[in-house]
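Chains as they are written, first to last, in our numbering: chain B, 1 to 325; chain X, 1 to 274.
Check the hints yourself; a few may be wrong.
Claimed, not checked - Calculated lysine-lysine pairs in the DSS-like style (CA-CA distance at most 25 Å, straight line): (1) B/LYS149 - B/LYS289; (2) B/LYS317 - X/LYS236; (3) B/LYS315 - X/LYS92; (4) B/LYS289 - B/LYS315; (5) B/LYS315 - B/LYS305; (6) B/LYS42 - B/LYS9; (7) X/LYS33 - X/LYS93; (8) B/LYS236 - X/LYS236; (9) B/LYS236 - X/LYS92; (10) B/LYS305 - B/LYS289; (11) X/LYS93 - B/LYS317; (12) X/LYS93 - B/LYS315; (13) B/LYS236 - X/LYS33; (14) X/LYS93 - B/LYS240.
Simulated from the structure, these hints should not be mistaken for lab results.
Because the structure is a prediction, the values reported are computed rather than measured.
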Amino acid sequence: MSQEFEFEKPIIELEKRLSDLRSLSEEGNIDLSREISAIAEKIEAMKSDIFHSLEPWQVAQVARHLDRPSTLDYVKLLCGDSFVELKGDRLFADDPAMICGFGRFGSIATAIIGHQKGHDTEENIYRNFGMPHPEGYRKSRRVMHLAEKFRKPIIVFIDTPGAFPGIGAEERGQSEAIARSIMEMSRMRVPILCFIIGEGGSGGALAVGIGDRVYMLEHAIYSVISAEGCAAILWKDGAKARDAAAALKFRSTDLLEAGIIDAILPEPLGGAHRNAEFVANAIGDIIQKELPSLMALPADLLLKKRYEKFRAMGKFKLEQDSEHA
Amino acid sequence: MSWFSRLTGSKKPDIPSDLWKKCPNCGEVLINKDLPRNLFLCSKCDHHLRMPIWDRIALLTDDNSFVEFDSDMESQDPLNFIDSAAYPDRIKKAVESTDSFEAVTVGEARLEGREIMLGVMNFDFMGGSMGSVVGEKLTRLMERAIERRMPTVIVSASGGARMQEGIYSLMQMAKTSQAVALLNEAGLPYVSLLTDPTTGGVSASFAMLGDVHIAEPEALIGFAGPRVIEQTIRQKLPEGFQRSDFLLSHGHIDMVIHRRQLKPTLSKLFSLLL
Ligand SMILES: [Zn+2]
Numbered sequence: 001m002s003q004e005f006e007f008e009k010p011i012i013e014l015e016k017r018l019s020d021l022r023s024l025s026e027e028g029n030i031d032l033s034r035e036i037s038a039i040a041e042k043i044e045a046m047k048s049d050i051f052h053s054l055e056p057w058q059v060a061q062v063a064r065h066l067d068r069p070s071t072l073d074y075v076k077l078l079c080g081d082s083f084v085e086l087k088g089d090r091l092f093a094d095d096p097a098m099i100c101g102f103g104r105f106g107s108i109a110t111a112i113i114g115h116q117k118g119h120d121t122e123e124n125i126y127r128n129f130g131m132p133h134p135e136g137y138r139k140s141r142r143v144m145h146l147a148e149k150f151r152k153p154i155i156v157f158i159d160t161p162g163a164f165p166g167i168g169a170e171e172r173g174q175s176e177a178i179a180r181s182i183m184e185m186s187r188m189r190v191p192i193l194c195f196i197i198g199e200g201g202s203g204g205a206l207a208v209g210i211g212d213r214v215y216m217l218e219h220a221i222y223s224v225i226s227a228e229g230c231a232a233i234l235w236k237d238g239a240k241a242r243d244a245a246a247a248l249k250f251r252s253t254d255l256l257e258a259g260i261i262d263a264i265l266p267e268p269l270g271g272a273h274r275n276a277e278f279v280a281n282a283i284g285d286i287i288q289k290e291l292p293s294l295m296a297l298p299a300d301l302l303l304k305k306r307y308e309k310f311r312a313m314g315k316f317k318l319e320q321d322s323e324h325a
Numbered sequence: 001m002s003w004f005s006r007l008t009g010s011k012k013p014d015i016p017s018d019l020w021k022k023c024p025n026c027g028e029v030l031i032n033k034d035l036p037r038n039l040f041l042c043s044k045c046d047h048h049l050r051m052p053i054w055d056r057i058a059l060l061t062d063d064n065s066f067v068e069f070d071s072d073m074e075s076q077d078p079l080n081f082i083d084s085a086a087y088p089d090r091i092k093k094a095v096e097s098t099d100s101f102e103a104v105t106v107g108e109a110r111l112e113g114r115e116i117m118l119g120v121m122n123f124d125f126m127g128g129s130m131g132s133v134v135g136e137k138l139t140r141l142m143e144r145a146i147e148r149r150m151p152t153v154i155v156s157a158s159g160g161a162r163m164q165e166g167i168y169s170l171m172q173m174a175k176t177s178q179a180v181a182l183l184n185e186a187g188l189p190y191v192s193l194l195t196d197p198t199t200g201g202v203s204a205s206f207a208m209l210g211d212v213h214i215a216e217p218e219a220l221i222g223f224a225g226p227r228v229i230e231q232t233i234r235q236k237l238p239e240g241f242q243r244s245d246f247l248l249s250h251g252h253i254d255m256v257i258h259r260r261q262l263k264p265t266l267s268k269l270f271s272l273l274l
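Construct all of the structure, not just a fragment, from the sequences and the given hints.
Okay, here's the thing in structure tokens:
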């Protein structure tokens, strides 16, 4: 593992002891199978304990893990060689932080949109840490319109800390790019399935998040602001990120309860990066199961339902509820 | 129809204030009681100070024509959010210290005789942040515009999303943006009037989706706040960055209009579009 969490340290220590015992057993030709299986069992129990009681702050760390599968990892596992990447917004540039293209999930050809993070520093710099510029959102909007033209459903993978805040992004209209993406996505006349696979960071995530169904991996997060950003603004202390993480209620379980997402996809013990195939299979199953029925819906009905889905999100009260029919 | 039946509930401005303030641009001493008469413009340099919502409504509409909708809509505290203060207490404080019950006031009015739907955001109310109430009020406003076949004007002034409502506040961007799509399909004009400041989730949703974008002079308009950008890229931002003229020259707004010219400009536009 290239990145270790504080809360994983006991697991990693035991794993090291396990591998030491194994090599000792092999080299010395000693039977340590009882000790080895005892430790292996202990590791599994410890993993289960730790990963079933993660604090929100720790979940955010898992969601940002450097090894956590990002869009292309799932596309490779699910679409194999069928994926064709399409680049460029036809206006300014290509944006490597946003992946677009077409591919085949089993028998169904779809458009594919997704934020792309890197797994090491070099790749992260190239991908701008998964933070798109306006051209990223304009590229994905272009490809969504292609999907509409060719009547293909759209699969979206969401994994971004947020849209990039920079001079070029402002010059080229980051706000407008996000706003228009949201607006036009809400009217795409083909089914859209969104999967929040890692970080669902604010407007930069929502920009491609207007799906007929929105799914979330167990340890993914989806939030109006990062815990660090929220702590800096409301607590006036970036070190209070842990408190902010708890207050923001950005975990999959919180969002399912709030009616923002449709279902949670369980992750292997220890997080998606420990078994990407397991998660990919779960995503593939959902696509196979949900798309046919959505594709059978008349487009007008699909749009009406999508509108109503997001229309209903929000909590407010009216003083005179009786007056409000 | 219940929407139009509530005329009551509007609060009269009642802000205990000092006698004067300094113009943030030129430092001129401005007498508070003279500000409304002068449309909150600096008498020396013409700087556009932030304008209280009831003065803004009076500026843009015909006398006594504004009828407020949904004035009884209140925030909930769905996350039980507490930072240095509890969210309900912050709301209470905002209600007491401003002339608003929420960060947006919406209603119908006449503008040089023409019926319009009007929403006005209040930056003084928790930074004009968009929570469920702001999103719902604006969405209803646009849905009513479609029902009544009327143009929509939204005056934005906001730091972005209402963090205390967590994911619900983010979803207001979706809710309001998709309502603009319906305005478009109905062939109805929507003018977004951007005032100082308009950033974050408000600029990244309905505020940047107008058929026509009008900004007041020198307004700060952008996605990320200047401080966040400076911290991210670790360099000083150029003079005038994210101000109205910057947006005009980069093609994001149609015009920068002096406050005194807003009403006639809107009227002229609607007479051409409708
Ligand atoms: Zn002045």
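Results of checking the hints against the structure:
Restraint check for B/LYS149 and B/LYS289: the C-alpha separation of about 24 Å stays at or below 25 Å, so the hint holds. Restraint check for B/LYS317 and X/LYS236: the C-alpha separation of about 44 Å exceeds 25 Å, so the hint is violated. A distance of roughly 17 Å separates the Cα atoms of B/LYS315 and X/LYS92; the hinted pair therefore holds under the 25 Å criterion. Distance restraint check for B/LYS289 and B/LYS315: the Cα-Cα separation of roughly 31 Å exceeds the 25 Å cut-off, and the hinted pair is therefore not satisfied.
Between the alpha carbons of B/LYS315 and B/LYS305 the distance comes to roughly 19 Å, so the proposed pair stays at or under 25 Å and holds. This hinted pair checks out: B/LYS42 and B/LYS9 have alpha carbons roughly 14 Å apart, not beyond 25 Å. Distance hint between X/LYS33 and X/LYS93 is fulfilled; the C-alpha atoms sit about 24 Å from each other, no more than 25 Å. Distance check on the hinted pair: B/LYS236 and X/LYS236 sit about 22 Å apart at the alpha-carbon level, within 25 Å; holds.
With a C-alpha separation of about 21 Å, the suggested pair B/LYS236 and X/LYS92 falls inside the 25 Å cut-off, and the hint holds. For the hint linking B/LYS305 to B/LYS289, the alpha-carbon distance of about 19 Å falls within 25 Å, and the restraint holds. This hinted pair checks out: X/LYS93 and B/LYS317 have alpha carbons roughly 18 Å apart, not beyond 25 Å. The suggested pairing of X/LYS93 with B/LYS315 holds, with an alpha-carbon distance near 20 Å, which does not exceed 25 Å.
A hinted pair counts as satisfied when its Cα atoms are at most 25 Å apart, and B/LYS236 with X/LYS33 does not qualify at roughly 34 Å. A C-alpha spacing of about 24 Å is found between X/LYS93 and B/LYS240, which places the hinted pair at or below 25 Å, so the restraint holds.
In summary, the structure is inconsistent with hints 2, 4 and 13 from the numbered list given earlier, while agreeing with the others.
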